[in-house]
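Undergrad: Here's the letter readout for the chains.
There are 2 protein chains.
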Amino acid sequence: MVGKSQIKFIKSLQQKKYRYEHQLFVVEGKKTVQELMASDFETYKIYSTDLNFVESETYNVELIKADDLKKMSNLSTPNGYLGVFKIPKPKKIPLQDWIVALDTISDPGNLGTIIRLCDWFGIKNIVTTTNNVDCFNPKVLQATMGSIARVQVTCVDLADFLKTANLPVYGAFMSGTAVHQANFTNPGILVMGNESNGISEEISKLVTKRITINHFGASTTESLNVATATAIILHEIRR
Amino acid sequence: MVGKSQIKFIKSLQQKKYRYEHQLFVVEGKKTVQELMASDFETYKIYSTDLNFVESETYNVELIKADDLKKMSNLSTPNGYLGVFKIPKPKKIPLQDWIVALDTISDPGNLGTIIRLCDWFGIKNIVTTTNNVDCFNPKVLQATMGSIARVQVTCVDLADFLKTANLPVYGAFMSGTAVHQANFTNPGILVMGNESNGISEEISKLVTKRITINHFGASTTESLNVATATAIILHEIRR
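Chains A and B, in that order, give the protein sequences.
For the first sequence, our numbering assigns the number 5 to the initial residue and increments by one for each residue that follows.
For the second sequence, our numbering assigns the number 5 to the initial residue and increments by one for each residue that follows.
Please note that the accuracy of each hint is not assured.
Stated by the list, open to error - Below, in silico cross-link-like pairs of lysine-lysine (DSS-like), each with a Cα-Cα straight-line distance of 27 Å or less:
1. A:Lys69 with A:Lys90
2. A:Lys96 with A:Lys8
3. A:Lys21 with A:Lys75
4. A:Lys143 with B:Lys8
5. A:Lys95 with A:Lys143
6. B:Lys95 with B:Lys21
7. B:Lys74 with A:Lys143
8. B:Lys75 with B:Lys20
9. A:Lys74 with B:Lys143
Stated by the list, open to error - Listed next, the stretches of chain B that the computed footprint assigns to chain A, with coverage defined by at least 3 CB atoms under 8 Å from CB atoms of chain A:
10. 113-121
11. 209-220
12. 225-232
Source of the hints: derived by calculation from the structure; they are not laboratory data.
Ideal Cβ placement from N, Cα and C applies to all residues, glycine included.
From just these sequences and the hints, can you work out the full model?
TA: Below, the structure is given as structure tokens:
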């Protein structure tokens, strides 16, 4: 039996303020919950409406009524599995492989998709500005499809990080070297900018190579979505 | 002054049933509304809270109170511009350039992003199954960022279309030729499958070349998001 105060507590973790106050975040969905349980993340508590699951995973797993789960869930149709995990302490960022740097992504779906892409392309570290959408936001986690278990997202002073990393810094702009002619070094840092404003002036100055994705023919579209642009550039980096 | 029945009518167009009954659809946002007004789409009615806009665009544009706009808008924060346009009659699909075929995309954001990508890569025609999410769904249109003005989306009997088009049919699968080694012919058809189930068995049989996007290193992610996968493949087709 899950009490009202516990439901209220879990629900409060949908807000960034409470996530960081308690150093806890929530994911939903069987696959994602299981991936996080099997990862280095520390489990705080798991709730499920699935008795088989509760009995097979004894540690910290509690059976919950569908009505109670609905009250703590962020989903309009909860899927029966909700996990609460501890926010990990940031680890040192290794500079031996590619790093993706996000200059203030605002949309949770875009950040989630970029985390999933980094996982696909074997990039283990993302650094972001402190104004970036929080990577433990429920909508971000939903879009990562469990990839948050394998990609570390660290808030940094981005200008400072780029200055001290001593790696080539590639940035995506509306003009620059075509991405398929960029001759990427290994490792490097790829900077992707905000959905509306692109890469800020301060960060632009620290980019050592400007790259672009050419559009085809007479298209008058102004830009690609940042997640699809990241997909194309990471594909070229790993090609 | 916009009457209650008119507000109710516009609001009803958020539902597919009423869109097709009246052959009308709604877009919001200054840029998208303007792009559609300047395109081949036929304008039914434009509403705006912006007096300058209303006075500069005389034809079929009506000043509306913010309160009334909020009642007919699909957005939680309406942005001041709402356009109602006629659903165009489907035109013949030319077979001289690449076509993207969607085997039942469910997520409006994914379809909108794919339409925007096709625009970027100069692909003017998308064909879909009849069960695909409707391209005039408000969330799809929001994600296209105006690209719907330049890309035609046509519902077809997909199996029939592929059989009679007499073009090479490329399909994205979990295994196949790596996308950067696919030697794409020009023109061709690219089939992308459903978010959960991929390309259906019936359509799979009509694919003449299976392609895949390799993941990098030890990643255990199961798949890429369909819109990001489409981005990478279209980039390779036009590379």
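Undergrad: Work down the list of hints and note, for each, if the structure agrees.
TA: Here's how the hints hold up against the structure:
| no. | hint | verdict |
| --- | --- | --- |
| 1 | A:Lys69 with A:Lys90 | holds, 24 Å |
| 2 | A:Lys96 with A:Lys8 | violated, 39 Å |
| 3 | A:Lys21 with A:Lys75 | holds, 20 Å |
| 4 | A:Lys143 with B:Lys8 | violated, 35 Å |
| 5 | A:Lys95 with A:Lys143 | holds, 24 Å |
| 6 | B:Lys95 with B:Lys21 | holds, 22 Å |
| 7 | B:Lys74 with A:Lys143 | holds, 25 Å |
| 8 | B:Lys75 with B:Lys20 | holds, 18 Å |
| 9 | A:Lys74 with B:Lys143 | holds, 25 Å |
| 10 | 113-121 | holds (count 4) |
| 11 | 209-220 | holds (count 3) |
| 12 | 225-232 | holds (count 6) |
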